[in-house]
Amino acid sequence: MSEDLQAFRLRARAWLEQNMPRAADAAAPSDDGRDDEAWVRARELQRILFDGGFAGLCYPTEYGGQGLTPAHQRVFNEESAGYEMPLLLNVPTFSICAPAILDFGTEEQKQQFLPGVIRGDIVLVQFLSEPRGGSDLAGAITRGTRDGDMFMLNGSKIWSSNAYAADYGLCLARTDWDAPKHRGLTMFIVKVHQPGVEVRRIKQVNGNMEFCQEFFDDVPIPASHVLGDVNGGWAVASRLLFHERTAVGGGSPYVSGPAGVERSGEAAPDLLSVARAGGSLGDPVVRELIGEDRVLERVADQLALRVTEGIRGQELPDSAASVLRLFMATANVRRTTIGMEVAGPRAAAWPSSAFREGGLFGVNFLFRQGSSLGGGSVEMARNLISERLLGMPREFAADRDVPFSQVRQSKT
Amino acid sequence: MQLRLNEDQELFRRTVRQFLEREAPLTTVRELTDDPAGFDRAWWRKGAELGWTSMLVPEKLGGGSLSGEGLRDLAIVAEEMGRLVSPGPLLPTNVVVAALAESSTVDEHTAVIEALLSGEAVAAWAAPTPASAPTVNARATADGYVLGGVAEPVEAGAQADYLLVTASTDGGLTQFLVPADAPGVVRTPLDSLDLVRRFARVSFEGVTVSTVVGTPDGAAEALERQLQTALVLQAAETAGAIERVLEFTVAWAFDRYSFGRPLASYQALKHRFADMKTWVEACHATTTAAAVAAQERSVDAAELVSVAKAYIGDRATEVVQDCVQMHGGIGVTWEHDLHLYLRRVTSNRVTYGTPNDHRRRIADLIEAGSAA
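Protein chains in written order, with numbering that gives the first Met the number 0: chain S, 0 to 411; chain Y, 0 to 371.
Here chain Y stands alone, though its shape is the one from the complex (with noise of 0.2 angstroms):
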């Protein structure tokens, strides 16, 4: 598989930030910072119609990507996101409409995969991170299961018409669907650091339940799919978030002088960008590579979604506070779009596992894979 993207990949990438620079502006994502939702449903079916919410749902289900490597083309969106912080439940309704569709219960699916696809409906995703086990559990009754605990964090939670639930029960780990307004479903929004990524505490109140997905007692490794296209989604909508806040600090750089000098003409400072560029490159290259192996199903899969949010997750926040630093004071106003972005780079890194989880993920593969 190439490792670089195609014409077709190219000119989507364009055509993906000329509809965000003209809908989502940063103006607009400060607009929003008060809106329950924290974002606009119209303008998200309009980015469904452009493909983000069906690159990873296959043609005959209705979905479809644009090269035919589905996780790729959307990791274009969520890099393109990330330039701008834009809003929006990519991830969770991305995550959730392809496990509905891969899994070996698809036929119960079809309407809602139906209305996700379209934007009508967005989706959570109420799952445990690597370093913790499941929160909410699942009782067999004679028609079905009671769902009882409580997620949290769990991303638009609040807004989310349905909720892919991870549940342990008697044999393993089941998932079900869960409608939003399903009685005994409490969903309380937290506050949350983004300023337009909104999370919910959910608590499952004795919530009769119908609706599996997949096999009963065997969802680790559907789980395990998930993670990986999450990680990929986060790992290349935090790349896409530094690469621009690189790119505006670099211009600032030049534009300010201090001593009758630009900035950008002291080696002290020159120095520090270098690294930050490399630390940049090196962010888009693990992206790179984990959403190729995710994308492939490669063996190597599981370890390389956790390198890259192990590297990125840790990298792309001190990126960010660099150049808060290079900025000086401006850099901690609320004025300033750095915190934007800072905000969404700090959610990033704590959310889906932290850096620190990541590699203790990781020493477990290598331990289980030597042991093999």
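Here chain S stands alone, though its shape is the one from the complex (with noise of 0.2 angstroms):
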């Protein structure tokens, strides 16, 4: 029996308060797009947290987690409002691929990276998509080629989040060439800080440079870093779509932190408050927009509890993540737009003092469809939902069936 919400919310305040920095206090985000210290900064939080018994809370105890329930979690991420937090470690590394290695991992590899990855030693991300093609992932090219206890691996992978900052990645390759697309593929834990791993920075049209390209050149991987099994990797990467389309909806119970934030100090400004400076907030269409503005945010919410307890339940299939994602992306083309209606000229040329009530809804407007492509496309989730949650034929796929090495590719 874990212990009652209520006496959990009292223990996890008290700690906050005596343990945590305030976010108000928190460095400013630097505005090159760069943000090494941060990584740092989230790294010595979580330390904090671990020490104080308040990491991975949804994490069993043998790995180094508290073995506590969801509900725990929510608290503590209520609670959490108005501290600095290391929320740049909940996607990809709580949220999505320290959940695999749980799902997926040897004893030995789970002793291995768990217990380091919830005290912030150890920070992972995904190696997915390639630069031939995005949602087509089952067709990786990127190449594992076995040699006695190791694996050689050739090629490059792309649109990494924070892949400069992290440890290890989940990298997908393939290993038979004459099996079926999704029959020949290998999960890889690969160490991205060795010779012959290449990482660059790829800067978006909101001048963040998050996301990353690696190119990997006879990287030696010792056979005991397989997740999964080999050739078996097409099943570890469906998990991780799985946990990745949770964490993208809000569902998952490894996110710590407060709702809608995702780094400290970096809540975007109230419409309310951008309305009023800009003169508009007596204007009944711009109320109507912030009214919906809210209305878009609680839904969000609302189906991000609806669907997870509805898979932890069984009463949904795990496919209905989907829904979540492209509720989650739609919601936000939504209220991107929002912000930069109600923000007005403002959005288009603003003092410098005022970047967060004018600029940043202009460029946050530039981003808007970032939501709708990373984690999969929504047009990726409309298939899987209309497929796998109400049963409607497949697509057709000239590839299924077939010898990798016989399907055709891109032309150049």
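Think of the hints as simulated: they come from the structure by calculation, not from any bench.
Misleading hints may appear alongside valid ones.
Partial pick of chain S residues on the chain Y-facing surface, computed with a CB cut under 10 angstroms [said to hold, decoys possible]: (1) Arg286; (2) Glu287; (3) Leu288; (4) Ile289; (5) Ala319; (6) Val322; (7) Phe326; (8) Ala330; (9) Ala380; (10) Leu389; (11) Arg393.
Glycine included, each C-beta is placed from N, C-alpha and C at the ideal position.
Dock chain one against chain two, each of which comes alone in its own frame, and use the hints as you go.
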């Protein structure tokens, strides 16, 4: 029987008060899109949580977690509002990669990686998408070639968030070219910073530089770092995608910290004050937009709760996570548009002192489609919902049951 | 509180569904189209025996709910009624009987409460929407009040035996219980979009009343509570309606072939179904959240019922219109049942405040909260 929620809440509140720094005092994010110091800080903060017994709340105790329920995590998230939290570690380390190690790892792998993750010593990243195309993940052509007890990794991965700050990557590579595409893949746990791995940062339209491309040139990987089975990598990748959809949809029990905030001190200014600053607060249309924004924010949370509880209680299949993923993206598209609309002309031109009440909304609008792309495009989510949840016929695929070496590839 | 329903509640849901399928199938709904009342009194009494009128009333007054969470239990009935676009004044009768039972003047209303509980009488709720000021006023006299003004549209206004009327008085808002046959109450049935849900224009032409419900000039809080109950029931009914529409439209997509393939095999249509499935799930999620908040009388209940109304109001009509599109030409015929649902969800969208009215109310609540 785990600790009573109310008792836990009071204990967490008192501990946070005593031990965690206030978000308001956190260092401002750097404006060059690089945030290497923020990563050092996130690891420090995670260590404080770990030492206080508030790290990895939903992870099993044998791997350094607290073995508590998602309800405890929600309580902790509510109480953590206003504190500086290691939010950078939530996605993908805590909510996507580590859960997959929990699902597929050998006992040795779990002991090797999970306690370090929960202490803040190990940061993880996903190496899934390739330059050849993002949605057709199982068509990966990065190769893992067996060489005795080792595999040699060659190829390239892209759109890996924050790879420069990570210690290990979960890398999907082709190990059997004669098998049909889903059956010739293996998931490797790859050390990021080592000879043969080059990490390049990619600048996004909003100036952010969290995305990376990696190049692998004869990178040796011990066979003990295969996650799941050799040629069984698609099962692991599918699980990563499930965790990702859940996390992107706001339903992961492994995310720690206040809801709706990705980085400490970066909560977007509320639309009410933006409208007030722009002199449009009295406009009924603007007030309707402000109300609509709140509606979408609330319904997203409500849907996350419904779907995650439904999946946990097995009333909904795992594929229902795509419902969350789709809702979150479409709600985000609308909310980003509303933000730009409420900011009005200040989204196009602003005094530099007023970036957060104006320009931020213009810049966010430039990156609006990002949330409909990252974590699997919404088109893929719509395929999954119609095919897996509604049972509709699957799309035609020319590469099904064909040896991968015979599958036609892009011309460039 | 659990979001999910317990076993008793699920059993109750099945019982309600079986009753409605047997006693009020869509063929019956169509037959009631030309009936002036839009529902059968004997049928309504049977529903009352199943508890449809008693869930928001404490046991000591003759009511009682299944789980102790009366509004959530009642939302099950509303959802099932939505699935079959059922007739009957579920919303106004329950809002009024709960208002009477919760009022400080409850002892004066026990006979009316009893009549409403048994289904012998039904009630109408003549109240302003969030976006409008009261259109009925009450003037204090030596031995009571005199009502003037017009309320419109009033659900079940012409069928009701009793009206709970919100009127502006010198010091605020006051609610009155008015017998429908009181001299000066003039009820004019309106033509309505829904085939069985009736609305009326009710004018009060110097109606002398003495029965105040609750505190004179102090009805604002009770009115808010009534609005929350109404919006939860309306949301649940709408969510039930679109769930049913999506079910039979998905089935249609599997059965209907064009160019030698089922509609369900076309990606252009599959993606629209994926959107609809997502919206329907979101409608259920926000209905549950609103019901829980209103049930628990939590501080954000006012906001969450408006969130549910603003979201569902818009989405539900879009889901049904999309389902019309999926059906093709048959979807815009009188013969097909789709329009029964479209009528209901459209009616629900624009009554008790439009989605935009509720978005503005949410902005007001945010502003009041940030100023506090």
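A quick look at each hint next to the structure:
Of the supplied interface hints, the one on arginine 286 of chain S holds, with its beta-carbon coming within about 4 angstroms of a beta-carbon of chain Y, less than 10 angstroms. Look at glutamate 287 of chain S: its Cβ gets to within about 4 angstroms of chain Y, closer than 10 angstroms, so that hint holds up. Of the supplied interface hints, the one on leucine 288 of chain S holds, with its beta-carbon coming within about 8 angstroms of a beta-carbon of chain Y, less than 10 angstroms. Interface restraint check for isoleucine 289 of chain S: the shortest CB-CB distance to chain Y comes to about 4 angstroms, inside 10 angstroms, so the restraint holds.
For alanine 319 of chain S, the interface hint holds, since its Cβ comes within 10 angstroms of a Cβ in chain Y; the closest pair sits about 8 angstroms apart. The interface hint given for valine 322 of chain S holds, since its Cβ lies 5 angstroms from the closest Cβ of chain Y, which is under the 10 angstroms cut-off. Hint status for phenylalanine 326 of chain S: holds, given a least beta-carbon distance of 5 angstroms to chain Y, under 10 angstroms. A hinted interface residue such as alanine 330 of chain S counts as satisfied when its beta carbon comes closer than 10 angstroms to some beta carbon of chain Y; here the least separation is about 9 angstroms, so the hint holds.
For alanine 380 of chain S, the suggested interface contact is upheld, since its CB lies about 7 angstroms from the closest CB of chain Y, less than 10 angstroms. Because the smallest distance between the Cβ of leucine 389 of chain S and any Cβ of chain Y comes to about 6 angstroms, under 10 angstroms, the interface hint for this residue holds. For arginine 393 of chain S, the interface hint holds, since its Cβ comes within 10 angstroms of a Cβ in chain Y; the closest pair sits about 9 angstroms apart.
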